[in-house]
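Q: One-letter residues, chain by chain:
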Amino acid sequence: MSVRRVMGTEVEYGISVQGQPLANPMVASSQVVNAYASATVKARRARWDFEEESPLRDARGFDMSRQVADPSQLTDEDLGLANVILTNGARLYVDHAHPEYATPEVTSPLDIVLWDKAGEQVMLDAQRRAGLLPGGAPIAMYKNNTDNKGASYGAHENYLMRRSTPFADIVRHLTPFFVSRQVVCGAGRVGIGQDGRGHGFQVSQRADFFEVEVGLETTLKRPIINTRDEPHADPEKYRRLHVIIGDANLSEISTYLKVGTTSLVLAMIEDKFIATDFSVDGPVSALRAVSHDPSLKQTFTLGDGRTLTAVQLQLEYLDLAKKYVEDRLGSDADAQTVDVLARWESVLDRLEEDPMLCAAELDWVAKLKLLEQYRDRDGLAWDDAKLALIDLQYSDIRPEKGLYNKLVASGRIDRLLGDAAVERAMHDPPTDTRAYFRGRCLEKYAEHVAAASWDSVIFDLPGRESLQRVPTIDPLRGSKAHVGELLDRCDTAEQLFTALTR
Amino acid sequence: MAQEQKQPRKSSETEEATQVAPETDVAERREALEGDIDAILDEIDEVLESNAEDFVKSFIQKGGQ
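So the sequence lines, in the order shown, correspond to chains A and B.
Under the UniProt record's numbering, the first residue of the first sequence is numbered 1, with each subsequent residue one higher.
Under the UniProt record's numbering, the first residue of the second sequence is numbered 1, with each subsequent residue one higher.
Warning: the hint list may mix true and false statements.
[Claimed, not checked] Distance condition first, Cα-Cα at most 30 Å in a straight line; then the derived DSS-like pairs of lysine-lysine:
hint, chain 1, residue 1, chain 2, residue 2
1, A, Lys-322, B, Lys-57
2, A, Lys-221, B, Lys-62
3, A, Lys-297, A, Lys-149
[What the hints assert, rightly or not] Coverage of chain A stretches by chain B, computed from C-beta distances (three or more under 8 Å per stretch; other residues unrestricted):
hint, stretch
4, 367-378
5, 387-395
6, 485-492
Read the hints as simulated data drawn from the structure, not as lab findings.
Ideal Cβ placement from N, Cα and C applies to all residues, glycine included.
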């Protein structure tokens, strides 16, 4: 009924070894993850527990055969690549050829921003440590989604949803939302087409890499709606909607609105509140056309014959969401839901008037404004390499090099959080999900935690032959309210395990 | 629709009043803004990687999810 639900994000970072363009990215990624793990993870290093993973489970009700799956889809095979669990409940690992950070499970959009930003700081710390290794070359990392040469890597969102919601409803009502939401949460890109060969600026990093409407793949034939069905929770009660269409955002407000508005739309779908069919004719080409027009005048046609711009369609979703919150919660609506609605409306109104009015809030507008200033001053055409460099360097996570960071430091981009809170979130877990239990166990009993995952913590206890698995199948249990006092009281893992299984 | 557009139109009197005074304000603000733009571009010039073409060319990634 609100913006609140169990959710999380996963970001794959671009990585390059300075001065060595041909360096093996898997090695560099492993160095980064291992450097952070060695420096921060106490005693033994807990492994990731793959038992509950099923990446080929399809939400439409069947399993893809392992033989026909692309090797990149077999994410449950432990390839010996670096993979650690942090005391904040997050997972830091190497996925394909990129270092990746998955936030702990949280319950609000602002907490997504907090632990997503903490992930940037973890990566920054990791990259600095890797650069200090003997023989280690300086490594640079980028929170973006393409190298402009045909490769793309993801920034995924995960939303826990009621299993009882028909998947067809999700596809019907979410596809038009995803075609249009990029005007709010796009990260901006210089270059058109997957290999960036076309000259110009577009709203989204990812739009050109989406080729189908619905599907299981994430690395090829990318679908607007991904059907991966791996709830990491009771499958009778929940599904986890895996969203692969978003851009990696640097701006806190972009991330906040991306997750907050999507969560609200999902609530409306679960409650069958959306009676209008917003189906877009040719959603894949509409997605790209919207991205390719930063003036936001591009229109597309809906199934009912109406012709709308992306901002106009977003305004329709906003209108419904306001009615929905008023209808279900009225004056009892929580502060974050009210704030998301107000910011969403304010941003859409200004995007309709003049997108540049959102330069202090939205990534793509901040980036475009900077690019236009350079074009004005230096008379640069869109094919100038300097503009491509500005696009790339906007996402450099180093404060001394990253242009997003420079714009923040000079007060040109607004923030929602302070540095101190982000720093704490690098180490402390959220208190209101099972990430609390996982994180505290890693922090307090590290030497006796053999492995962990979203839905388990596995202990290796002195004097016991076999490993002891504590399932954490309910994302909302294992919170501070449930186990905080217990964790405070138990000095050893044995005491904790005994108390839990008594 | 933008909030401003929903406001009732100002009377011609106040409109005149607001038109006279800010003339210099606007000029000053534009000057300040342009100075401001120069300042941020200068700052960014300092940190931009030096050979844009080579740097961008050498940023090669493997695909991910």
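Q: Evaluate each hint against the coordinates.
A: Status of the hints after comparison with the structure:
1. A/Lys-322 x B/Lys-57: violated, 47 Å
2. A/Lys-221 x B/Lys-62: Holds: A/Lys-221 and B/Lys-62 sit about 16 Å apart, inside 30 Å.
3. A/Lys-297 x A/Lys-149: holds, 28 Å
4. 367-378: holds (count 4)
5. 387-395: holds (count 5)
6. 485-492: Coverage by chain B is violated for the stretch 485-492 of chain A (0 residues, Cβ < 8 Å).
This entry does not satisfy hints 1 and 6, going by the numbered hints stated previously.
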